[in-house]
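Asker: Here is how the chains run, residue by residue.
Number of protein chains: 2
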Amino acid sequence: MSLKEDGPSVAIVGVTGAVGQEFLSVLSDRDFPYRSLKLLASKRSAGKSAGGSISKKFGPIAVDKGTIVVDNSSAFRMDDAIPLVIPEVNPEAMEGIKLKSGKGALIANPNCSTIICLMAATPLHRRAKVSRMVVSTYQAASGAGAAAMEELELQTREVLEGKEPTCNIFKQQYAFNLFSHNAPVLSNGYNEEEMKLVKETRKIWNNKSVKVTATCIRVPVMRAHAESVNLQFETPLDEDTAREILRNAPGVVVIDDRAANHFPTPLEVSNKDDVAVGRIRQDVSQDGNYGLDIFVCGDQIRKGAALNAVQIAELLL
Amino acid sequence: MSLKEDGPSVAIVGVTGAVGQEFLSVLSDRDFPYRSLKLLASKRSAGKSAGGSISKKFGPIAVDKGTIVVDNSSAFRMDDAIPLVIPEVNPEAMEGIKLKSGKGALIANPNCSTIICLMAATPLHRRAKVSRMVVSTYQAASGAGAAAMEELELQTREVLEGKEPTCNIFKQQYAFNLFSHNAPVLSNGYNEEEMKLVKETRKIWNNKSVKVTATCIRVPVMRAHAESVNLQFETPLDEDTAREILRNAPGVVVIDDRAANHFPTPLEVSNKDDVAVGRIRQDVSQDGNYGLDIFVCGDQIRKGAALNAVQIAELLL
Numbered sequence: 001m002s003l004k005e006d007g008p009s010v011a012i013v014g015v016t017g018a019v020g021q022e023f024l025s026v027l028s029d030r031d032f033p034y035r036s037l038k039l040l041a042s043k044r045s046a047g048k049s050a051g052g053s054i055s056k057k058f059g060p061i062a063v064d065k066g067t068i069v070v071d072n073s074s075a076f077r078m079d080d081a082i083p084l085v086i087p088e089v090n091p092e093a094m095e096g097i098k099l100k101s102g103k104g105a106l107i108a109n110p111n112c113s114t115i116i117c118l119m120a121a122t123p124l125h126r127r128a129k130v131s132r133m134v135v136s137t138y139q140a141a142s143g144a145g146a147a148a149m150e151e152l153e154l155q156t157r158e159v160l161e162g163k164e165p166t167c168n169i170f171k172q173q174y175a176f177n178l179f180s181h182n183a184p185v186l187s188n189g190y191n192e193e194e195m196k197l198v199k200e201t202r203k204i205w206n207n208k209s210v211k212v213t214a215t216c217i218r219v220p221v222m223r224a225h226a227e228s229v230n231l232q233f234e235t236p237l238d239e240d241t242a243r244e245i246l247r248n249a250p251g252v253v254v255i256d257d258r259a260a261n262h263f264p265t266p267l268e269v270s271n272k273d274d275v276a277v278g279r280i281r282q283d284v285s286q287d288g289n290y291g292l293d294i295f296v297c298g299d300q301i302r303k304g305a306a307l308n309a310v311q312i313a314e315l316l317l
Numbered sequence: 001m002s003l004k005e006d007g008p009s010v011a012i013v014g015v016t017g018a019v020g021q022e023f024l025s026v027l028s029d030r031d032f033p034y035r036s037l038k039l040l041a042s043k044r045s046a047g048k049s050a051g052g053s054i055s056k057k058f059g060p061i062a063v064d065k066g067t068i069v070v071d072n073s074s075a076f077r078m079d080d081a082i083p084l085v086i087p088e089v090n091p092e093a094m095e096g097i098k099l100k101s102g103k104g105a106l107i108a109n110p111n112c113s114t115i116i117c118l119m120a121a122t123p124l125h126r127r128a129k130v131s132r133m134v135v136s137t138y139q140a141a142s143g144a145g146a147a148a149m150e151e152l153e154l155q156t157r158e159v160l161e162g163k164e165p166t167c168n169i170f171k172q173q174y175a176f177n178l179f180s181h182n183a184p185v186l187s188n189g190y191n192e193e194e195m196k197l198v199k200e201t202r203k204i205w206n207n208k209s210v211k212v213t214a215t216c217i218r219v220p221v222m223r224a225h226a227e228s229v230n231l232q233f234e235t236p237l238d239e240d241t242a243r244e245i246l247r248n249a250p251g252v253v254v255i256d257d258r259a260a261n262h263f264p265t266p267l268e269v270s271n272k273d274d275v276a277v278g279r280i281r282q283d284v285s286q287d288g289n290y291g292l293d294i295f296v297c298g299d300q301i302r303k304g305a306a307l308n309a310v311q312i313a314e315l316l317l
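Protein chains in written order, with full-length UniProt numbering: chain D, 1 to 317; chain V, 1 to 317.
No lab work stands behind these hints: they were computed from the structure.
Be aware that a few hints might be false.
Given that identical chains are not distinguished, each listed pair holds provided it fits within a single copy or across any two copies.
As the list claims (entries may be wrong) - The calculated BS3-like cross-link candidates involving lysine-lysine, where the alpha carbons are at most 25 Å apart (straight line), are:
1) LYS129 / LYS211
2) LYS272 / LYS163
3) LYS199 / LYS57
4) LYS171 / LYS272
5) LYS38 / LYS103
6) LYS199 / LYS129
With the hints as extra help, turn the sequences into a complete structure.
Answerer: In structure tokens form, the structure reads like this:
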């Protein structure tokens, strides 16, 4: 980042958390201009990013005082009056919000799984209109914060030493295991993480009719999510065209080398800005090129959280 | 196992491999009757189960000599003349094969992912007929043999010590990572593991019209596979009925506690006979109870290989 007289005053709330720390790194990498920088965190929450309750309490107060708040919590995402934005996907949702108007505003950052999925699905959706999407996720520890990453590492050491694994953040063994996402399960049997994918997709695509189902699973990986996405289209889309579309999509890199069996992995996208897409193939369970299967990986802390939020701020500059 | 004058003569080929070792344990647990036992393995393949080339070479010779061969390789699975059997699913495919007829026969054991998926999907299929199935797998190291399990452990130690991970079995880091299944990728973009799920399902269900797509992923888990399965039915099936059907299905255990967020995990089914099913819920992306999402876990070495083969043999007794 660089000090600029006419840059905005920047404040980061929850700066000691995994996402908070990444904000600093992203702002620095991107040479984000600022006039002043405030780093905010409570002693009690050291090591944690601020959550929904902090956003609900202080977000509206900051907006009243003329601040533009980019909120990474789930507090306002489904509020009709608040734009939910992936800059490569729906920048138009932010129209009317101006940095130097003196008028405050709140913009919501989507959930990490939604961002990573839609970075790949949207360019295809624009061409052939997605009618239905079946998503299975392979989610990293980082989505549950820095302490969850530490617990995965600690548990792994313990298991390798033949000890009982310490379960503080998660109630079951995470090392060499996987489990249904720890978000609360709703009355329809989906957990909150899954319903975020369902609902946020509809809002971001401004399309109430798109059908989405998701199964969200935590896997013992540190900081990047993977997603297996099955797509059904309203008009045919062949895999070569899809690959070409994705190659030209901003923020997307195609890794799809069948001969070398080289496809996206969480490790390869860790600490990277781009979302990687591969395993692009015509779905054999659908006739006439109306379906595709793809596999997507993205850094959960970076594009799934901090980078996307900073890109939202950059749209305002 | 127990020595019985009128029991069959049993031979295990590839007994030093992960599956071979499990055969001994399953035969012993189930008190399998035998007159004599031959354990076969080559020095060159110590620690590995016998693969398709051994089956192709020696399988027909053994059959000619009057042996009933239960083959765990992929060599004969798609051969129209050879039954492909999951005892709980399609025992009728073995009709006509008799132990004491003196006539040899070959019976193929399905691929591990297929067995685990169909143990859960078949009882639902019987009630409401599955028209389409979208599967994403979370596959353990054991599917690639004992050496792969050792490599995952070794790599994990190395990564925790800040060392470069040793990549002998897999060409990329497996510890704290995941990747597209290492089976060769075919010209349609699916890998062989995925096409096994597509084709074996059709053969086992004796239903050429069922549509299946699969994305197979290796995750850093030791010996049990997990699968996220999205089902479309020809007739409506509500989730309560589905749960009841699965509770009564042989070889299946339902773990589906939404309030406690307790669902199947690979660790919980490791070394267990039963396949566990949970996350049973009406698919929100399909209208009128025509769809369900489920999450299935099963021990890859046990029900995914050795146990299923021994059950096939038991059907003959």
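Asker: With reference to the structure, classify each hint as holding or not holding.
Answerer: Against the structure, the hints come out as follows:
Both within a single protomer and between protomers do LYS129 and LYS211 lie at most 25 Å apart by alpha-carbon distance, with minima of 11 Å and 22 Å respectively. Within a single copy, LYS272 and LYS163 get their C-alpha atoms only as close as 35 Å, which misses the 25 Å cut-off; across copies the closest is 22 Å, which meets it. When the C-alpha separation of LYS199 and LYS57 is checked against a cutoff of 25 Å, the pair qualifies only within one copy, where the shortest distance is 24 Å, while the shortest distance between copies is 55 Å. Taking identical chains as interchangeable, the C-alpha atoms of LYS171 and LYS272 lie at most 25 Å apart only when they sit on different chains, with a minimum of 21 Å there against 30 Å within one chain.
In the homo-oligomer, the alpha carbons of LYS38 and LYS103 lie at most 25 Å apart inside one protomer (20 Å), although the nearest pairing across protomers, at 83 Å, exceeds that limit. For the identical chains of this complex, LYS199 and LYS129 are intra-copy neighbours only, at 17 Å inside a copy versus 29 Å across copies, given an alpha-carbon limit of 25 Å.
In this structure, every one of the numbered hints holds.
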